[in-house]
Structures are given as structure tokens and as C-alpha cells.
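Start from the sequences and build out the full structure, keeping to the hints where you can.
2 protein chains.
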Amino acid sequence: MSDGKAGAKVDEARLWRRHMDMAELGKTPKGGVRRLALTDLDADARGKLMAWGAERGFKSFIDPIGNFFVRREGTDPSLAPVMSGSHTDTQPSGGRFDGIYGVLAALEALEAIDDAGIGTRRALEAVVWTCEEGGARFPMGTMGSSVFAGTVKLADALELADFDGVTVAEAVERTRARVPAAVDRPLGMKVASFVEAHIEQGPELEARGKTIGVVTAIQGARRFLVEVLGEDGHAGTVTRARRRDAFVAATDITKALYRHFTDPDDVVRFTVGRFTVEPNAPAVIPGRVVFSIDFRHPDEAVLTRLGDAVEGVCQANRGPCEVKAVQTARSQPVPFSGLLPDLIQSAADRLGLSSMPILSGAGHDSIYLAKICPTAMIFVPCEKGISHNEIENATPYDLASGARVLAEVLVELANR
Amino acid sequence: MSDGKAGAKVDEARLWRRHMDMAELGKTPKGGVRRLALTDLDADARGKLMAWGAERGFKSFIDPIGNFFVRREGTDPSLAPVMSGSHTDTQPSGGRFDGIYGVLAALEALEAIDDAGIGTRRALEAVVWTCEEGGARFPMGTMGSSVFAGTVKLADALELADFDGVTVAEAVERTRARVPAAVDRPLGMKVASFVEAHIEQGPELEARGKTIGVVTAIQGARRFLVEVLGEDGHAGTVTRARRRDAFVAATDITKALYRHFTDPDDVVRFTVGRFTVEPNAPAVIPGRVVFSIDFRHPDEAVLTRLGDAVEGVCQANRGPCEVKAVQTARSQPVPFSGLLPDLIQSAADRLGLSSMPILSGAGHDSIYLAKICPTAMIFVPCEKGISHNEIENATPYDLASGARVLAEVLVELANR
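Line by line, the protein sequences give chains D and H.
At position 13 of the first sequence (counting the first as 1) the number is 13 in the working numbering, and the numbers step up by one without a gap.
At position 218 of the second sequence (counting the first as 1) the number is 218 in the working numbering, and the numbers step up by one without a gap.
Any given hint could be a false lead.
All copies of an identical chain are treated as equivalent in the list; a pair is satisfied when it fits inside any one copy or across any two copies.
[To be verified] Here are the simulated BS3-like cross-link-like pairs (lysine-lysine), alpha carbons at most 30 Å apart as the crow flies:
(1) K324 - K255
(2) K384 - K324
(3) K153 - K27
(4) K59 - K371
(5) K190 - K153
(6) K48 - K27
(7) K324 - K59
(8) K59 - K27
(9) K153 - K324
(10) K48 - K5
Think of the hints as simulated: they come from the structure by calculation, not from any bench.
Predicted model only: the values in this text are computed from it and were never measured.
Laid out in C-alpha cells, this is it:
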């Protein structure tokens, strides 16, 4: 068991300063960050990491999809390394903490372990996974981690293009050229374990006054698109009895769906986020409504049971209209259990940090790392749960606390 | 009482042919009509009427707002005339019957009375009211009739401009120049009574298999705009307990409103036609919804009682969100009762035409004529109740039937 020395060496001021440094790369007038994947700004974030690592003799590596690794060597270089990290790219109107926190917390942990004079059997690597934010520049998210894990073929990712027709291959090449001191590394290497620190992107930790979220799973998700067809009509002339009002039918359906998806434990996440009425004119009875369903749950069986009932609930509440429900996406839950969450929990306890088990509602690179090695995540609070937004915020204390837990956990994992 | 001779002289084929002639003025590829108010096409519609009237020696007049009158002289020219008519302008994607039917039915009635050799004490005039369709070209509807009735000042109407900056004054002048043979007539003349024939623009007559609708009132209307404010949130992370979902609150409100506005007799017309969600993204809990309420009823007391409860129903169902309801428009009901509807009813009975009392859900020029003289309306069926649409349709038989009833009623009114 680690004795808290690594955690104690985490430097809150240094970690905060590096966040502010990184936030200069793509800084927006409103105080947010716009640093799209594999742009020069994103390459320069890798460059900063490389420079900070080099001050301690940490070597940097880059792989064929642009994933970037800052390595603190272990006493047995032949063993698979323990990795930690996240991403440096942002949404078009992103914040200063989403992604970059996981990368900087990992580097901070390596430096803290270094400052504590702790040697580890396995090497430790702080990682940048390429292009986590899908749709911001390229039409694929968690690109680097899924290629690294072998879920997506390298060639398929490289040929994707952004809105200007620039391919991932071209953008990786350009990124590569901006960090010439990094060493090329092939895909397919072994990883002993992976831990990702991240802001929660939800309000639970802050609301409950907890510093550390021990992530128990990334939820699975199902998305549906529902189309309700009625008949346009004159609002002043058509009697209620003769109406086929798509708005009335659609809201009867959403009401029944919200009832169907209400669970006593408040674990189900059910959202109608998009709801579009046609023709959407005050004096016209709506003839068509299209709405989206976003349904998430950590339990595959619940995803199946509740989700499979969507069609039936729609049909039972369509009134005189027609309705069609189509599933547009489905992802399985990724549970984190066993050793790693336990290590995170006990490190938090040891450091005297309040903690709670928490679900990840959003997707993360950890989904793909979990396919190839033991994986876990550490959440820290973000202000009001706001993320993917320029006003995204977090406190230096909370960020440092997560890095302390991470440092402790990495020492333990690297000595196994 | 008229003896049916005038009605019998209505010529179904002639009336249909004139509709098809008029439909050439602004004919659209889909078989509809685009004849915006006070354009050359609209002026030429007046020209056609003038020419058809001139074949029988009927004189045409035009007033300072472009209203157009084709007059069959009475035996006592000093008496106020009986008028009938509607409008020749259309919506941008309008049909072949809305408005123009009322004008052509009036001319047909004058011709039928002429063919029957019937003299009347009062003159009969077939009228075109300028610019009934608000928003299609100029930002005011029922312009000609409201100026004629003195509700709107002539100068205020004349200075309105269309999207290209052309004023009503300029457009009236241009219209005037295209019908040089018409005689100028000032505003402010007396009218003995007014009857407007119109397609129903709703499905009731067709659905009940009736030919003649005896209009009992034009409904009053109240419009509201309701804004529901919640808080944007991540669909995957925010628990149900912490959500302030503007979509859920707004649909709870609309559901309660629909309940509140449900009457056993199905006279209330209540419609949420516009409903706009923000940010309207599948993975974001909606933070804001704005929706419209269109509420119509023939009884002013009911308009007041039900409509005044909107705010309370909104507040009682807002859940954790905020809500604001604002009334944006209100118009009083215009009841048609007494002699004129009775005359229409008995003329229909005498001619063996099926009929029913019916409300007008839409507004018409008759609203303003009712302010200055006894007024009534005759409805005939239109296919599937569809109007303000290029596929608007009606049968030659139904159109002629309405004109027969109109001819009978005009004879009676003109001899009073």
C-alpha cells in the first residue's frame, strides 16, 4: 500500500498554473477554450507536455493516430506500463478542464511521485488520447483510444475528413511535425492498467459536498427518434373531435414515456432533448412532430427491458395519429469493478478526502481502454455540473485532490 | 319573400368558368393561385369583374383604398345599396376559391337576378374588399373593409409598405390606373346590409354532408405566448431530482391547458401550434421552451373566463421551472343573428338545399361590415376543409348552391 507520500507531493498551485497555461491555447473571449482535435493548438498542447516532462528527463512518444505518451521509466522497463490520461481537444465552445484535467493530473502525479523519490517497477505514462470530442472537428469521437484498443482500424480513422476536407492522416502528420523530439511508437503495445481523472460534468459531487467520485461504471445508452404524423389543420375551424393533432399525440407519448422511465432510485437517465413541430405556426394544428429519446443506464438488462418498451408506449398513446419509433444508437454499459475502484476508494480515505461512488453519464476514452486492461476513473466536482461550455469551472483544491488520489493509485498499480 | 326565380337563374357552369378564368391570374404550377393584394394581377381581377358587369350595363366604382364595386342599379337610386362580396387577393400559396368565391358569387347573383328580370328597390353591389390577406404582402389584413367601416384611418393604411418598400398608396394608384373606366367613389357611403359568401375553410360541412352553412358568428380569439425557463443540463449526468427540464414543465402545462379548455360541446378551439425547444439537442436537457396558444370561441364571456385562467394553469403546472404567459392579441366575437341568418336559412330550405348553423373560425371582411350594417355570411364546403393551400378545392354544385341562396337573399334585402 502506498503511504501517502506521493499524494502529499502533488502541487496544487503548479497543477492550477498548468491548467491556465493550457487554456491559453485556443482561449476564447468568454474565458473558454476552442482547441479542436489535431489542430496546431492541439499539437502545441502535446508540445507543452513534452517540455514539462523533459525537465525531469521523461521521454515523449507518439503513435500513428497521434496519441501522445510522456513516460517516467520503471525499474523493469520490460513490463507493460501503467497509464493515466485523457484528451487535450475541446468542443468548439469548450471549457478549461474537460479532458485536459485528466492529462495534467497524470503528469502532476508523475511529478509528485518523482518529487517523493519513489521508484516503481512498471513505467508510468501520462497519455493524450487523440480526438475524444466527436463531431467538433472530425466525425468520430474517442478516436485515438478506440484505435489504440483495436476497436477501430487505423486506416478507417486516418481517412476521415473534417469540414474543410482535411483528413485525419494529414492532421496527424502535421501534429507529428510540431513535436519533432517525440519518439515514434507503433500501435498494439500492452498496458498494465489505466486510470482516467476527469471533471464530473454533472452536479452530484458538488451538490453532495464530496471531493472524489469513485466511478463505478460508464452508463450504456440507447437513442431513439420518434416521428408522430397527424394532419395540419386550421386552428379556428377544425373541431377537437376531428383533429389529428401531432403535438397532442406526441406530448401524450412523451408523458407516458417519462412515466415508464421513472425509477424509484433515480438511476435512469431519460431525456427528450429535441422536439420539433411542423409547421410550427400559431394558427395551424401541428401535422408532424419528431422527437429524440436519450436513455442511459449502467445495467444492460435495464437498458434492454425499458428501452424495448419504447415502441409499445408510443403506439399505446398515439391517439388518432401515426407513430414510428426507430433506435438510432446503442452502446453497452462499461462497469468498473474490482481492484481499481477499491484502490481509488481507499486512497481517498487515506488522504482524508470525502468520496462517493458515482456513475459516468458521459462517454470517455476509458470505455476503450477497459477493453484491453483493468481501467477505472476518478471524478472531481465541476461548478454547477456545467461542462461543454465556456463557463466550465473547477477549484484548484478539487483538481489537486483528484491528482493526489491518482498519484497514490498509480504508485500501487506500478508496483504490482 | 323571394319566389326562387333568382336562385333558379344561377348558372353553375358560368360561375365555375369564371373561377377558372380568375385562377389564371397568378396561377401556380401546383394549380393554386398567388395573387397578392394590389398587384397588377389583383388589379386585373377587378378589371375582369368590370368587363363582365359592363356586358349587362353594370357600372363599376373604386374608392380611395382600392375597394371595387360593380353596381346593378335599383328602382330608387337614393337608397343605400345592399352589398355582397369578399376579396380577390390570396395568400402567397393560395387556392382558387378563398375570397374570390364571395366576389364571383355576388356577381353571379346580380346576373341571375338580372336574368330573372327582377327589379329591386335598392341597388345591389358586388364588392371586392382590398387586401384581406394580412401578412401576404402588406402588414395588415382586412384592410379595405376596415378602412371602409372607419375602424382604420385611410391615411394610416395608405402609408403601410410591402417588403420592397412599395406603399399601399402607390399600389392603390397603380391599381386605379389599370381600371380607368371605373368611377371614383369616396369613403363613408351608407350600406343597407352586407352578405358574404365564402368557402368554409374547415371540414364540418363536408363531413356532415351539408351544402349551406348559415354562419351564426365569427369567433373571438385570444392569443398567448408562454415562455418556460428551466436549466440546460447533460442528459447523461443530471439526475431526475435535480433537473429543471423546461420540456417536461411545458408539456405538463400544455396537457393541463388542453384539459382546462376541453368543453363537452366541442365549441372551444384551443391549439398549441408553435412549440420551440432550446437548445433542441438530443443529449441536452431543454432549458427553455416557448409555445403559442390560439384560443377561439363565439362567446365573449367564455373567452374571458377560460382565457383568464391561462396564467393560473401555467403557474400551477410549472414544476421546478419558471413560466410567463403573455396575451399577444384579442379580438371580440362577431355574432350574426336576427333577420339575415334567418333569410339565409329559409332561402336554403326553399331551394331544397341541406344546411346547418356554423361558426366561422377564421376572420373575414364581414367583421368590419358588421360594425356599420346588418351582416351575415354563407359558407359552402371545401374539400377536406383545406384552405390557404394550393390544393384548395370545391365543387361547381356547392359553389352554385351558395350563389343561389345569395341571390334569393339579396332580392329580399334589396326590396326592404
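Hint check:
For the homomeric pair K324 and K255, the shortest alpha-carbon distances inside one copy (17 Å) and between copies (22 Å) are both at most 30 Å. Proximity of K384 and K324 under a CA criterion of 30 Å is satisfied inter-copy only: 25 Å between copies versus 37 Å inside one chain copy. In this assembly of identical chains, K153 and K27 lie within 30 Å of each other by CA distance neither inside one copy nor across copies; the values are 33 Å within and 57 Å between. When the C-alpha separation of K59 and K371 is checked against a cutoff of 30 Å, the pair qualifies only within one copy, where the shortest distance is 26 Å, while the shortest distance between copies is 90 Å.
When the C-alpha separation of K190 and K153 is checked against a cutoff of 30 Å, the pair qualifies only within one copy, where the shortest distance is 17 Å, while the shortest distance between copies is 85 Å. Only within a single protomer do K48 and K27 lie at most 30 Å apart by alpha-carbon distance; the minimum there is 16 Å, versus 68 Å between protomers. For a Cα distance limit of 30 Å, the shortest separation of K324 from K59 qualifies neither inside one copy, at 55 Å, nor across copies, at 60 Å. In this homomeric assembly, K59 and K27 come within 30 Å of each other (Cα to Cα) only inside a single copy, at 28 Å, whereas the closest approach across copies is 76 Å.
For a Cα distance limit of 30 Å, the shortest separation of K153 from K324 qualifies neither inside one copy, at 34 Å, nor across copies, at 53 Å. Taking the closest pair of Cα atoms, K48 and K5 come within 30 Å of each other only inside a single copy of the chain (26 Å); across copies the shortest separation is 98 Å, beyond that limit.
Violated hints, in rising order: 3, 7, 9; the structure is consistent with all others.
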